[in-house]
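Throw the hints in and build the complete structure from the sequences for me.
Below, each chain spelled out in residue letters.
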Amino acid sequence: KQEVTQIPAALSVPEGENLVLNCSFTDSAIYNLQWFRQDPGKGLTSLLLIQSSQREQTSGRLNASLDKSSGRSTLYIAASQPGDSATYLCAVLQGGSEKLVFGKGTKLTVNP
Amino acid sequence: DGGITQSPKYLFRKEGQNVTLSCEQNLNHDAMYWYRQDPGQGLRLIYYSQIVNDFQKGDIAEGYSVSREKKESFPLTVTSAQKNPTAFYLCASTNRDRRSEAFFGQGTRLTVV
Numbered sequence: 001k002q003e004v005t006q007i008p009a010a011l012s013v014p015e016g017e018n019l020v021l022n023c024s025f026t027d028s029a030i031y032n033l034q035w036f037r038q039d040p041g042k043g044l045t046s047l048l049l050i051q052s053s054q055r056e057q058t059s060g061r062l063n064a065s066l067d068k069s070s071g072r073s074t075l076y077i078a079a080s081q082p083g084d085s086a087t088y089l090c091a092v093l094q095g096g097s098e099k100l101v102f103g104k105g106t107k108l109t110v111n112p
Numbered sequence: 001d002g003g004i005t006q007s008p009k010y011l012f013r014k015e016g017q018n019v020t021l022s023c024e025q026n027l028n029h030d031a032m033y034w035y036r037q038d039p040g041q042g043l044r045l046i047y048y049s050q051i052v053n054d055f056q057k058g059d060i061a062e063g064y065s066v067s068r069e070k071k072e073s074f075p076l077t078v079t080s081a082q083k084n085p086t087a088f089y090l091c092a093s094t095n096r097d098r099r100s101e102a103f104f105g106q107g108t109r110l111t112v113v
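Protein sequences, first through last, are from chains F and E.
Counting from 1, position 51 in the first sequence corresponds to residue 51 in my numbering; the numbering is continuous, with no gaps.
Counting from 1, position 105 in the second sequence corresponds to residue 105 in my numbering; the numbering is continuous, with no gaps.
No lab work stands behind these hints: they were computed from the structure.
Be a bit skeptical, because a hint or two may be false.
[Stated by the list, open to error] Chain E regions said to be covered by chain F (calculated; three or more residues, Cβ under 8 angstroms):
no. : stretch
1   : 29-40
2   : 45-55
3   : 88-95
4   : 101-113
[Stated by the list, open to error] Here are the in silico distance ranges between beta carbons for each label pair:
no. : chain 1 : residue 1 : chain 2 : residue 2 : range
5   : F       : VAL20     : E       : SER67     : 39 to 45 angstroms
6   : E       : LYS71     : F       : LYS1      : 26 to 32 angstroms
7   : F       : ASP27     : E       : GLN50     : 16 to 22 angstroms
8   : F       : ASP39     : E       : ILE51     : 29 to 35 angstroms
9   : E       : GLN50     : F       : ASN111    : 39 to 45 angstroms
10  : E       : SER22     : F       : GLU15     : 22 to 28 angstroms
11  : E       : THR5      : F       : GLU3      : 27 to 33 angstroms
By construction, the Cβ of each residue, glycine as well, lies at the ideal position given by its N, Cα and C atoms.
Laid out in structure tokens, this is it:
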């Protein structure tokens, strides 16, 4: 059974700092990996999607990497801002079953 | 604008009642998913559907039922058999090409009163 783990569970940083969020998964048979952002009481917003054949994707201050063979992904946020405060979740689209399996998320607080 | 609409935003259920949560998408996506979110638990998969008239149980299907009669719609019924239904419910959709983003609705918060 696929399990997705995100470390750390919570992170607090001062504004302007660069930071890395981690995601690991136990079964490398995935089609893609996606990073989402969730604000309190809201739905999820897609940030970046990485196909299983890709190594990284970039969007603005965000960069996500994928190492499928080791079952790891990182989300790099450059020059963090208070508006980046949210919970960040990663999810893998599982090969075969096509389940979308989530980690529990990392709650990020960026302090002004 | 294309997207996923969940309704209602807030729902209150009495003990022993069945309630149905609506999820509609106009993205022409084949696959749709229902998740339950509890504090500290992350998103847990209830049911998912890859095509019309077909769906599969997720990890916590007991006490829930779904239907997929139309591509655009994937309603979730929370039955009286679900012992602890108070939670935030999220619906998602994606294409079956396995290369597309998943999109989410804004969620329904269900409370048992």
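Structure-based check of each hint:
Evaluation of the coverage hint for the stretch 29-40 of chain E: fulfilled, as 4 residues show C-beta separations to chain F shorter than 8 angstroms, against a requirement of three. Coverage of a stretch by a chain is defined here by at least three residues with a beta carbon nearer than 8 angstroms to that chain's beta carbons; for the stretch 45-55 of chain E and chain F the count is 3, and the condition holds. With 4 residues bearing a CB less than 8 angstroms from a CB of chain F, the stretch 88-95 of chain E meets the requirement of three and the coverage assertion stands. Coverage of the stretch 101-113 of chain E by chain F holds in this model, with 8 residues showing a Cβ closer than 8 angstroms to a Cβ of that chain against a need of three.
Checked against the hint of 39 to 45 angstroms, the pair VAL20/F and SER67/E passes, with Cβ atoms roughly 42 angstroms apart. Taken as a hint, the range 26 to 32 angstroms holds for the pair LYS71/E and LYS1/F, whose Cβ atoms sit roughly 29 angstroms apart. For the pair ASP27/F and GLN50/E, the beta carbons lie near 19 angstroms from each other, so the given range of 16 to 22 angstroms is met. The supplied range of 29 to 35 angstroms is met by ASP39/F and ILE51/E, whose beta-carbon atoms lie about 32 angstroms from each other.
Distance hint check: the CB atoms of GLN50/E and ASN111/F are about 43 angstroms apart, consistent with the given range 39 to 45 angstroms. Against the hinted window of 22 to 28 angstroms, the Cβ-Cβ separation of SER22/E and GLU15/F comes to about 40 angstroms, which falls outside the hint. In this structure, THR5/E and GLU3/F meet the distance hint of 27 to 33 angstroms, their C-beta atoms being roughly 31 angstroms apart.
Figure legend: structure checked against the earlier numbered hints; the only hint not met is number 10.
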